[in-house]
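Asks: If you want the building blocks of each chain, they are given just below.
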Amino acid sequence: MRAMSPIISVANLSKTYGSGFKALDNINLEINRGEIFALLGPNGAGKTTLISIICGIANLSQGRVIVGGHDINKQYRAARSLIGLVPQELHTDAFESVWATVSFSRGLFGKPKNPAHIEKVLKDLSLWDKKDAKIVTLSGGMKRRVMIAKALSHEPQILFLDEPTAGVDVELRKGMWEVVRTLQASGVTIILTTHYIEEAEEMADRIGVINKGEIILVADKAGLMQKLGRKQLKLHLQGRIDAIPAALAPYNLELADGGRELIYNYDTKGERTGITSLLSDLRGAGIRFNDLETTQSSLEDIFVSLVRRT
Amino acid sequence: MNFRAVRAIYLFEMARTWRTLLQSIVSPVVSTSLYFVVFGAAIGSRITSVEGVSYGTFIVPGLVMLSVLTQSIANASFGIYFPKFVGTIYEILSAPISYFEIVLGYVGAAATKSIILGLIILATAGLFVPLQIHHPWWMLAFLVLTAVTFSLFGFIIGIWADGFEKLQMIPMLVVTPLTFLGGSFYSVNMLPSGWRTITLLNPVVYLISGFRWSFYEIADVSVGLSVGITLMFLAICMVVVWWIFKTGYRLKN
Numbered sequence: 001m002r003a004m005s006p007i008i009s010v011a012n013l014s015k016t017y018g019s020g021f022k023a024l025d026n027i028n029l030e031i032n033r034g035e036i037f038a039l040l041g042p043n044g045a046g047k048t049t050l051i052s053i054i055c056g057i058a059n060l061s062q063g064r065v066i067v068g069g070h071d072i073n074k075q076y077r078a079a080r081s082l083i084g085l086v087p088q089e090l091h092t093d094a095f096e097s098v099w100a101t102v103s104f105s106r107g108l109f110g111k112p113k114n115p116a117h118i119e120k121v122l123k124d125l126s127l128w129d130k131k132d133a134k135i136v137t138l139s140g141g142m143k144r145r146v147m148i149a150k151a152l153s154h155e156p157q158i159l160f161l162d163e164p165t166a167g168v169d170v171e172l173r174k175g176m177w178e179v180v181r182t183l184q185a186s187g188v189t190i191i192l193t194t195h196y197i198e199e200a201e202e203m204a205d206r207i208g209v210i211n212k213g214e215i216i217l218v219a220d221k222a223g224l225m226q227k228l229g230r231k232q233l234k235l236h237l238q239g240r241i242d243a244i245p246a247a248l249a250p251y252n253l254e255l256a257d258g259g260r261e262l263i264y265n266y267d268t269k270g271e272r273t274g275i276t277s278l279l280s281d282l283r284g285a286g287i288r289f290n291d292l293e294t295t296q297s298s299l300e301d302i303f304v305s306l307v308r309r310t
Numbered sequence: 001m002n003f004r005a006v007r008a009i010y011l012f013e014m015a016r017t018w019r020t021l022l023q024s025i026v027s028p029v030v031s032t033s034l035y036f037v038v039f040g041a042a043i044g045s046r047i048t049s050v051e052g053v054s055y056g057t058f059i060v061p062g063l064v065m066l067s068v069l070t071q072s073i074a075n076a077s078f079g080i081y082f083p084k085f086v087g088t089i090y091e092i093l094s095a096p097i098s099y100f101e102i103v104l105g106y107v108g109a110a111a112t113k114s115i116i117l118g119l120i121i122l123a124t125a126g127l128f129v130p131l132q133i134h135h136p137w138w139m140l141a142f143l144v145l146t147a148v149t150f151s152l153f154g155f156i157i158g159i160w161a162d163g164f165e166k167l168q169m170i171p172m173l174v175v176t177p178l179t180f181l182g183g184s185f186y187s188v189n190m191l192p193s194g195w196r197t198i199t200l201l202n203p204v205v206y207l208i209s210g211f212r213w214s215f216y217e218i219a220d221v222s223v224g225l226s227v228g229i230t231l232m233f234l235a236i237c238m239v240v241v242w243w244i245f246k247t248g249y250r251l252k253n
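Just so you know, the protein sequences line up as chains A and B, in that order. Per the working numbering, the first sequence starts with residue 1, numbered consecutively. Per the working numbering, the second sequence starts with residue 1, numbered consecutively.
Chain A with its partners taken away, still in its complex shape (with noise of 0.2 Å):
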């Protein structure tokens, strides 16, 4: 299912604005058919200008974006036709039907009316029973899925989800996710971005993190907790320490809890964790615990120390 080559190559990217500002720094991306991408990346990290990029609603500055094999400004109708584009703001037409305002997309990305197909989209993002209501008349949520119907209309082969969830309720983030994973199901690549750290780790297949305008990082989820992914063993001593040994300094634990716990990190991807000789050492220097517990670093963590670093 999952061919080797991209359905978006995004090469040398650069976009500078009128007022100097480059929001866009060489950026070098590959998104593979049928995968659900997460775009990482602080607030303006880049995130919405490599998408309206990609989309044609931002010009670029330099480099090249092919998509589905068309390059976006010579095939500009080919690349376009492939995408839908569900943009942050949630921006409608207030005196608009649902029916209405999502046949409209529908028509201008050039396909023929197909009542059939408006009608599932509407039905698959219960709007269904919204169909004749004005948008203006309609909550947050319901607008925020009149505009993925929108971009759904046409029957696109990518999605762009750009902050799906931004200021959207939990339960309502639930239902997003289940679309999207529907959506994948049925074939449809998918680039979310998103500040959530859980929504990736949720949703995505691979993630890259934006930083100030350069990729710095694109990885298999799973990879890149284990590569990146540090864990923590936490013993509760029995009784109190004031220091630590000076025959544990080579493991470099912390101190807490006022003396009554011992933090050691370590790597999971070395060969050896250190564990097992810590254990055998605090025996020698007479430490006993009563417990112990070990926890392993969440995206949110790598995302931060990532972010950090640049």
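In case anyone wonders, no lab produced these hints; they're calculated from the structure. All C-beta atoms in this analysis are idealised placements derived from N, C-alpha and C, irrespective of residue type, glycine included. Careful, some of the hints might be misleading.
[Said to hold, decoys possible] The list that follows gives simulated cross-link-like pairs (lysine-lysine, DSS-like), each with its CA atoms no further than 27 Å apart:
(1) K22/A x K252/B
(2) K84/B x K134/A
(3) K111/A x K166/B
(4) K234/A x K212/A
(5) K246/B x K74/A
(6) K166/B x K84/B
(7) K252/B x K74/A
(8) K131/A x K252/B
(9) K130/A x K74/A
[What the hints assert, rightly or not] To be clear about the criterion: a stretch of chain B counts as covered by chain A if any three or more of its residues have a C-beta under 8 Å from a C-beta of chain A, and this derived list gives those stretches:
(10) 37–43
(11) 92–99
(12) 162–176
Once you've looked at the hints, dock chain B against the given chain A.
Replies: This is chain B only, laid out in the frame that chain A set:
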């Protein structure tokens, strides 16, 4: 050619007209009727005729042009400004549609509206004064040409404007004065020669003169010159629109 997209934009814009029928059609008709009452009845009773035509009849083409000019600009500028303002422009820009098709959709709809409006005003005028149209095809040609040209001009204003104030500024401060001073209510020949020369710098003079000629075969300037100046303005607007899309001015940056 993405005809479906052009159709979608065109119908979307026309639907907006029907939704705002009162503002789009009724209010220009009311204000034109007021002009007839004030200029035609009150002032016209003191001016017997202009170049052999009764004053009320004489001002009809100018009044139609006044509405077509202002409405073309208002419709087209609002049509493209509003999606920019509320952000729905993203969808137009991300769609597989050429610049030409975007302009065709928006300007086509704006021009259609003002042509319909022009004809309604003409019909309204017919209720006040007797009308005669010597060259109906030329009349229609001038109407269409003016509507298209000034809708394009409005489209440019709509792209350029980054606030509602700017959207109003050009129509209020430039177009309305030029139209009033362009011979809507008088013949340029009635002016002292110095003013006459200055007036001839006003492009609207040529539009109204040509349009009036198609009605009564009386003109301030030659018909060929009227057509020529209008086409020239159309060409300038086209070049500006082409430049806007080529550079992405205020749309893609």
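Asks: Are the hints correct? Go through all of them and say.
Replies: Cross-check of the supplied hints:
1. Pair hint K22/A plus K252/B holds up; C-alpha atoms about 15 Å apart against a cutoff of 27 Å.
2. Only pairs whose Cα atoms come within 27 Å are accepted, and K84/B paired with K134/A is accepted, the gap being roughly 20 Å.
3. Between the alpha carbons of K111/A and K166/B the distance comes to roughly 36 Å, so the proposed pair goes past 27 Å and is violated.
4. Of the supplied pair hints, the one linking K234/A and K212/A is violated, its CA atoms being roughly 35 Å apart against a limit of 27 Å.
5. At roughly 13 Å between alpha-carbon atoms, K246/B and K74/A fall within 27 Å of each other, so this suggested pair holds.
6. About 14 Å separates the Cα atoms of K166/B and K84/B, which keeps this hinted pair within 27 Å; it holds.
7. The suggested pairing of K252/B with K74/A holds, with an alpha-carbon distance near 16 Å, which does not exceed 27 Å.
8. Under the criterion of a C-alpha separation no larger than 27 Å, the hint pairing K131/A with K252/B is inconsistent with the structure, at around 32 Å.
9. A hinted pair counts as satisfied when its Cα atoms are at most 27 Å apart, and K130/A with K74/A does not qualify at roughly 39 Å.
10. Note: the segment 37–43 of chain B has 0 residues with beta-carbon separation from chain A under 8 Å; the three-residue rule is not met and the coverage is violated.
11. By the rule of at least three residues with a Cβ nearer than 8 Å to a Cβ of chain A, the coverage given for the segment 92–99 of chain B holds, with 7 such residues.
12. Coverage of the segment 162–176 of chain B by chain A is violated in this model, with 0 residues showing a Cβ closer than 8 Å to a Cβ of that chain against a need of three.
Going through the hint list in order, the structure does not satisfy hints 3, 4, 8, 9, 10 and 12.
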